[in-house]
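A.B. asks: Spelled out, the chains give:
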Amino acid sequence: MQTRFLIGLVVVAVPVMYFSFAGVPWGKKVDYNADVKPILNKHCMGCHGGVKKAGDVSFLFEHEMLEPGKSGKIPVVRGDADASEMIRRILTDDPDEKMPKNGTPLNEKEIGILKDWINEGAEWETHWAYKKIERPDVPSLNGFSNLFGLLNTGDKAWARNEIDHFVAKKLKDEGLKTSPEADRATLLRRVSLDITGLPPTEKEVQDFENDKSPDAYEKVVDKLLKSPAYGEKWTSMWMDLARYADTKGYESDGGRTMWRYRDYVVKSFNEDKPFDRFTIEQLAGDLLPEKKDGFPVEQNVIATGFHRNTMTNNEGGTDDEEFRTAALIDRVNTTWEVWQGTTFACIQCHSHPYDPIPHDEYYKYAAFFNNSRDEDVWDEWPKLRFYKGEDSVRVERVKDWVKKYAPAELEAKTQFMKVVEPKINAHNFVKGDQSTVLVISYYGVKDKGNARIPQVNLTGADNVLMNIGTRAENAVLTLHLDKLDGPVLSTIKVPMRDTVIVAPITKTSGKHDIYLSLHSPKAPEEWVRITWAAFQKALPGAGQPGYEQIVSDYATALTRPTESMPVLWEGKGDFARKTNVFVRGNWMVKGPEVKPDVPKLLAPMPKDASRDRLGLAKWIVSRDNALTGRVIVNRFWEQLFGRGIVETVEDFGSQGAEPSHPELLDWLAVSFMEDYQWSVKKLLKTIVMSATYRQDSRSDEHRKEKDPYNVWLSRGPRVRLSAEQVRDQALACSGLISNKMYGPSVMPPQPDKIWQSPYSGESWVVSAGEDKYRRGVYTYWKRTAPYPSMTTFDAPSREFCQSRRIITNTPLQALVTLNDPVYLEAAEKLASKMQTRGKTPEQQLKEGYRLLTFKPIEQKSLNVLMKVYKDALSEYRQKPSEVDSILVYGKEKSPELAALTVSANVLLNLDNVVTKE
Amino acid sequence: MEKLLKELQHAELHRQTRRHFLQSAGFGLGALGLGSLLGSCGSSKAGEVAANSESLAAGGIPQFAPKAKRVIYIHMAGAPSQLELFDYKPELVKYHGKDCPAEFLEGKKFAFIQGVPKMLGPQGKFAQYGQSGAWLSDYLPYLQTVADELTFLKAMHTDQFNHAPAQLLLHTGSPRLGRPSLGAWAVYGLGSENRNLPGFIVLASGGRQPDAGKSVYGSGFLPSVYQGVQCRTGGDPVLYVTDPNGMNRNIRKKTIEAINEINRQTYEEVQDPEILTRISQYEMAFRMQMSVPEVMDVAREPQFILDMYGVKAGEGSFGMNCLLARKLIENDVRFVQLFDWGWDGHGTNATDNVEGGLRSKCQISDKPIAALIKDLKMRGLLEETLVVFGAEFGRTPMQENRNGVVMPYMGRDHHLEAYTMWMAGGGVKQGYSHGETDELGYYGVKDRVHVHDLQATILHLMGFDHEKFTYPFQGRNFRLTDTEGKVVKQVIA
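Sequences listed follow chains A and B, in order.
FYI, my numbering numbers position 156 of the first sequence as 243, with every residue one higher than the one before it.
FYI, my numbering numbers position 216 of the second sequence as 600, with every residue one higher than the one before it.
Note that these hints are calculated values from the structure, not bench results.
None of these values were measured; they are calculated from a predicted model.
Even glycine gets a Cβ: it sits at the ideal position worked out from N, Cα and C.
Not one of these hints is a red herring.
With a straight-line Cα cutoff of 27 Å, these simulated DSSO-like cross-link-like pairs (lysine-lysine) come out:
1. A:Lys-218 x A:Lys-256
2. B:Lys-493 x A:Lys-677
3. A:Lys-594 x A:Lys-624
4. A:Lys-966 x B:Lys-637
5. A:Lys-954 x B:Lys-638
6. B:Lys-870 x A:Lys-188
7. B:Lys-638 x A:Lys-957
Here are a few chain B residues that sit away from chain A, every Cβ distance over 10 Å (derived from the structure):
8. Gly-491
9. Leu-690
10. Gln-814
Chain A with its partners taken away, still in its complex shape (with noise of 0.2 Å):
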């Protein structure tokens, strides 16, 4: 059956394999994708793409390479190679024309396939990641031998689902078989790590054996998705492309609060939240329509928290708007990783070089984040704020005030009090004399010193708020109108601590200057300090009883130091922005104005679309969106396989590597958006229910040399255990782990002198009890000096969004396997466990080794591991003082321990146990 199946193949395959001496094999037409844009990438987009146009040629949008160049002739004149400027120009002799200038010439096969292709017609194609994802038809299985009903053997039994039938066609094309099923503890301690970032425990694999049931798979696979852990699996996975840190970043990196949208993404995990929504709430969370009291709800601003995630730069003398731009330039980058793939931040400066986005749909794009309130100011407004307590208390009596005396007033006062918006920050105003913006964000004023602030709308303000502070006593602040010596608006006696004031202004229209001036004869030379100013309406009920206590209620509020996290909010009417194209990158040069809209690229916003990011954030998750579901099902997989069907998962583009596996990435996206209505743990179960998925993962010298890399996936996944992984098991597995859930990061234990950051006085404080033990994902994060054990296993320092990690093998990892202090702790823990479950030492090292991979030792191992101990021991039992300096962690001091001791610590080294196999 085998020999005709074959005979078969090579009559079909005949026609096709033979070789033309220039160009692509007779008979086949010339593909713009597979053949024509890479000889274009190589040779010629460099002069005549999307950074230079020379001689106002471009073969980046297919109208240009049809447009006359400087010289007046065509390019590329459809069906016409021999009148084809382009051609003329590869093709001539003469040095000052001849193409590539100073470049390698074209060989004789890509002349070939310009030439084939332009008397073709020189038809243009679509890259395939920017065409909308149609379903592709599931390939039969069905060879020859089956055709006739003979056999239900090879391919169509080892298949378990549509996955499988993708790639056992594409291996049959790569003459390689497929593997069996792995053994059932090695499949399962894959599997939880994959699902829940953790090892499986010994109860789970001993059911699992047992289990004959023929679901017995699946029921072990819908367990691990419904367990908690497998929540903060996929958080460490989204924390790299969210660029999560516990710190604000740049030079002085201080700290900032952002664990609640940690916990958010934990949550959204657990509960399975569709992607679609999941998207929204971090990029619009703050404009979803669901509101309680006039307020978004709450989960959602905190989702917000994704693009707050950009750093802060607080070091002195830097300009605001110039990092508020790198924020926003920021955002519009990440979002294009995350969810485009697409390498966005080359067209900040000009055209794509290689993929047809022109320079200014960069800013019509940054124009949906441009409005966000955020405007690097030293405290990070906006901020969420969390009001417990009394202060709680003061909060609901206002609200509830409001509602009593005027409900339309609600939704701003609410809004003021859970995140101070709108707002002027003072870093606005306009330098006076005696004035100046202090060092970080704050606006100074001194006796007989002066300052403006700049057009605001007074129309409807009857009150002024203000966040000012200073340590001169019997310090006035005057506020006049349009002048200096204005009509007074109001006047405002300074706090000796920075304190949220509300006062009276006297009631006018329109947009106006304020001027500010200080009386402060007490201390001429002490600063008075100002935040933020802000013009509203005054509370209602104004002379009913009780109105001062409400009045001086909402001020307490304001001024009480909260808990608080940074959070997007938009700005509205006067606080919204315009958004110019930069010319050429540069902040400081605006070019034309531009209003929000997507990339012509992909498919256009719907008519009614809202033009903000809500609007936005619809439109990536939307079914048309040629781009969401290849991307983020890719990333779902190469956490699982390490490595994408698109290897280069933050790029899809035409520079990016092309699908190994085009129809099952097609696939994998529709059954994604469409039949699993974006759940991630329904795709996550149909990649791990695949035989594709659960094949052994051994490797043999025809696989090596076919196939090095696993690209068409002849062999289950084997792949080095992630920062996180690595650390969680040895804790898992030694019974230190903690599974404690959410709340601030915790600091386990690190070298002295790791955190040297300048100008902050912070530290690394050991945190007590069991959040010395808690998961990876809980672990303190500061960007200029994350926890050394996560960066030397490959972690980023999270101050951009990164895709992947990649996998490095270095002697720094031995170095903290093998010593650093968590992992002795673990292989003490070990050790007293493998004590307790045997009485010979031949028996604790089996047992030692059955904990941490789940599968019986083989003799010759255990004699290396015999040898071992038994040296250990003879040196322990020699210098018993030794015992007493490796065993610090337990009670119990005997040489036995410690040579067990040193036994675990080889057994937490092993390749193994650091690999997911």
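We have chain A; now place chain B onto it with these hints.
C.D. replies: Positioned in the frame of chain A, the structure of chain B alone reads:
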């Protein structure tokens, strides 16, 4: 925007860690103890070409015979004042206390200066030294004694006026994060000649790390194996390099043998080449545990050497780092980067100023720097070792007036238009001065050298054409000097 690790890096790593080991696995495990981290492309190829260190450069990189085989780069983070140390401006004495001329302020941006500051005359006493007649101030009594070894670049200039971006520009060619540093390029291009030590080692003093953090010695988009490894002067010199208490060398050796033996068995079973890499990296880790503390230990240095550097065994300091730099160079480490923190003389307090504060920083550093030059020369190492001294920018001829207020001490703000650096050894002229500033030391008026020019020159001395020494990333060939840089031929001997 900053994807530090990309497809090409991935491919590069594959090439080095996998394919390489696939190919060389046949040579037996002994030849594999090379270590891609420390070895870089050079030593990972060393299995094939170890005999000839000249040929260690990464394949395809254009190279000519290097004059500088090794580099010691001394960076005074914060930026010392060239007007107190190197750039003698007698005219500035006359202007002391007068308002800064308007032309120096129009359209300029400073980190802290506001309004119209006063000019500040030089605080040091200058004289000429050596046969070359180099101008140096009394802040640097020891450097005077090696003045004839130095080439001064007196009209350096940069684009960035804040520490972190200016440091990044100086070391990586770009003010933003994500590009490889000079040391990473050097090791990528030249490889390492020592199997037991990293090719690029960083030593920091002054109590703090450089403002821009690890990125100033990072590998950017080059494979992470090329990043600088910081050796610490307190605690373990490399993190976790010391065996735990109660685990002696003998036991540690046996544990590593056991790990590697079992891993070898696993390899036979599963045939994953990554296991072979792991085996070699454990061997390297074991050797590093010996070689790193050994090279970082000065106990065996004679007393006169310790005295010459002005250091005490067991005490970390800038001087100690100079001595360690010599030891590392002696052990064929390719690139040694020294950072010393605390040179930011704004005049805000008793240490951050250009009078007493700068004097005391010089007292700590002047002697060991001169000692390093003499020591290298004495050992015949200076000829092939380039020593570079400088900072991310210079300081203003004006006195700082932060927030428009006179500072309590004499201080100067960050200045990017003109400052001084010097180089010695490694193929540069001896006793030479290049470039001049105007009479107030504000602008360079002759032979200005941009930081990109300096980078081009250093690469040239190391045998690279900076325009051809590139690495493909995000569809473009990147180089250290970005799109700029000219080799300063006049300083080359």
